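Chain B: place on chain A using the hints.
Line by line, the protein sequences are chains A and B. Under the numbering used here, think of the first position of the first sequence as 1, with each following residue one higher. Under the numbering used here, think of the first position of the second sequence as 1, with each following residue one higher.
FYI, nobody ran anything at the bench for these hints, they're computed from the structure. Since we're looking at a predicted model, the values are computed, not measured. Backbone N, C-alpha and C fix where the C-beta goes; we use that ideal spot for every residue, glycine too. One should not assume that every hint holds.
What the hints assert, rightly or not - Derived pair list, reagent style SDA-like, types lysine to any residue, alpha-carbon separation capped at 20 Å:
hint, chain 1, residue 1, chain 2, residue 2
1, A, Lys191, B, Glu8
2, A, Lys97, B, Val228
3, B, Lys233, B, Asp221
4, B, Lys66, A, Pro100
5, A, Lys94, B, Lys27
6, B, Lys66, A, Leu53
7, A, Lys101, B, Asp33
8, A, Lys101, B, Ala41
9, B, Lys193, B, Lys233
10, A, Lys94, B, Ile71
11, A, Lys210, B, Asp3
12, A, Lys97, B, Lys233
13, B, Lys27, B, Lys66
14, B, Lys66, A, Glu93
15, B, Lys66, A, Glu81
16, A, Lys97, B, Met30
17, B, Lys28, A, Lys210
18, A, Lys101, B, Ala29
19, B, Lys27, A, Leu102
20, A, Lys210, A, Pro169
21, A, Lys101, B, Glu7
22, A, Lys157, B, Pro55
To be verified - Incomplete in silico selection of chain B near chain A, CB under 7 Å:
hint, residue
23, Asp3
24, Ala11
25, Ser44
26, Ala46
27, Val54
28, Gln62
29, Leu63
30, Ile67
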Amino acid sequence: MSLCAQTVFVRALPIFDARPAGNFLFLTKPVNELEAQDRDTELLRLIAGGDRLAFAEFYDRHSTLMFSVAAKILNDAGEAEDVLQETFVQIWEKAAKFDPKLGKAASWAAILARNRAIDRIRASQRRSRLAEAAGAAHAIAAEVSESANETLYGHDKAKFVHSAIVELPEEQRQAIELAYFSGLTQDEISKKLNTPLGTIKARIRRGLLKLRDQLEGVL
Amino acid sequence: MIDERMEEQAALHVLGALSDVEAYEFKKAMKADPELQACVARLSVATGALAGSVPMTEPPPQLRAKILAQIAPAQKSVSLPERKSGFALWLPWSLATGLALLCVLFFAQDSRLRQTIGEQEKQINNLNSLAQSLSAATNNLQQTVLALQETNRLAGLKIAMLNSLLADAPKAIAVSLWDNQNQNGVFVAQNLKSLPADKDYQLWVLDNGTTPVDAGVFHVDENGGVRVEFKAKLPVKTAGRFAVTEEIKGGVAAPTIKNLVLASN
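Just chain A, with the same shape it has in the complex (with noise of 0.2 Å):
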């Protein structure tokens, strides 16, 4: 068969247009950021109507990150287990509610396997944990030799990231982790620091468009 009549076969079809050679439901990612939010969406679309196929691709995109978001604020490996696989009910019966305008797919995966997370510590009443956690060394390391963003963005792009946030002030820095990884409250944050209720929004919303000032465009 001559190149020409490959190519007019190859192009008749969108199925069959410039998609990496090999392209396999399970084992690859799109190429670019954008064409992985907009698979992101249309996976979340697909499984809000059952489509289970779109379920386990979703799984195989985002399970990494959404562990390694449990197992860092559990510290447990088998509780982390556990809000993985809640979290994945929750998806799959609740994808529906996934909004796109609020944000891209991963995020929104993130945070349900966070606040998961978090519900678990609270449910229990080891309320002492986030204490603990809040009292102890950041989520963040200064140094990380393998993030969960390289599983999103690359290796490249994910020590850019991680650069950008262990780059913020030091007291923006305290605040986010509080809020984020430990699951305090503002209030919660502006009593454990000691610290005016007023100044610790400050510090958030400062770091965070910093962050976003930073992020925006690159990923």
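Using the frame of chain A, we list chain B on its own:
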């Protein structure tokens, strides 16, 4: 324009640092304010990156199968158009009843009207049956694909589902399994239409997802089903996708584009 206070609330919201009451109030405000929604979306870039900044920890491999098994019994039904309720549901029937009464009053066309209603009910029943059978067939095939993917993942097998590209055979569907090491495969299809005696279905393996390689012709049984073991006529490096075309008896060297019947994605 989002003021500083709302921006603070948005930042606290994406971090999950609002109390339950504050979060409720914020969500209410966000629902009515597209600008605030956009603000939250932009901030979620930061929280997404924050989540991923923890050390990577892979979940245990067996957890995947466990979770997939857990959702199996809770199979969702394919969503059908929502039924009208209450007044909307009864209105057409009320009108129909009124018309029937008029018909009785005028002693005309009564039987014809009943017949029409009967036929419509029959059509609705047929459509419901069709939707159910399609849903069941799709679910069965999805489960087959998932099961095969699970059991053969490590064996280097390629499994793909092929969907119909024909308006007159929308139920046609197939699964193709390819063993790259042995350069052979198994193809199973359902609901293909019967072809005239001078035509054959021809299967193609798309090497590297692009180059069609002849994988032989096949026929379907009276129900449109087929299960066939096949080999590619040329060596295949990577079976990226699969396609089926309708060709002249015995097959052709290059696929006829306009006759595409099934293709995987």
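So which hints don't hold here, by number, going up? 2, 3, 4, 9, 12, 13, 17, 23 and 28
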